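Engineer: Residues 3 to 119 (my numbering) make up the sequence shown, in order.
These are calculated hints, taken from the structure and not from any lab test. The reader is advised that the hints may include incorrect statements.
As the list claims (entries may be wrong) - Derived lysine-lysine pairs resembling DSSO-like cross-links, with alpha carbons at most 30 Å apart: (1) Lys-61 - Lys-76; (2) Lys-54 - Lys-43; (3) Lys-61 - Lys-47; (4) Lys-43 - Lys-61; (5) Lys-61 - Lys-50; (6) Lys-61 - Lys-51.
As the list claims (entries may be wrong) - Taking CB as the label site, the calculated pair distances span: (7) Asp-83 - Ser-32: 41 to 47 Å; (8) Glu-71 - Met-3: 18 to 24 Å; (9) Arg-89 - Lys-43: 21 to 27 Å; (10) Asp-81 - Ser-37: 51 to 57 Å.
Because the structure is a prediction, the values reported are computed rather than measured. Just so it is clear, CB atoms sit at the ideal spot from N, CA and C, and this is done for glycine as well.
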Amino acid sequence: MDPYYHFNTVLSERMDVLGTTVSSYLSTVSTCDTSTSLDYKTLRKTTKKLLKSTEGTLKDLQSTIRAVENDRGKFEHIDDDELSRRRAFVSDGCQLWTIVTLTLTLVVLTALVFYLP
3 MDPYYHFNTV LSERMDVLGT TVSSYLSTVS TCDTSTSLDY KTLRKTTKKL
53 LKSTEGTLKD LQSTIRAVEN DRGKFEHIDD DELSRRRAFV SDGCQLWTIV
103 TLTLTLVVLT ALVFYLP
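Generate the whole structure from the sequences, applying the supplied hints.
Structural biologist: Listed below in structure tokens is the structure:
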């Protein structure tokens with residue numbers, strides 16, 4: 003079995019969960035006192051774990067693509083169009099992951115700047 007499809011499914015599921023988790027996190031940050039909120043601390047921890055595991059899945063997908071690129075003869079069933087689709091999927095996932103990470107960083111920095119005494 004081609005491991006790409008397993009990691010593709012895992013990444014799709016994680017991205018869906020990540021979207022929901024980040025929305026909840028951003029809502030919590032904007033509506034509560036983050037210094038005392040248990041919801042905030044729980045969501046922050048969950049979001050960090052999810053970002054880390056998503057990053058790992060992206061790396062796994064990149065590894066499957068590299069394996070195909072390095073030994074095309076072994077993977078003759080994967081044509082150039084399929085390989086291009088795989089690269090595009092991983093590239094889109096990396097871009098989305100980067101956008102989410104930068105957004106969360108910006109939110110945290112903004113909170114620090116505007117709420118410091």
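Engineer: Can you list which hints this structure breaks, lowest number first?
Structural biologist: 9
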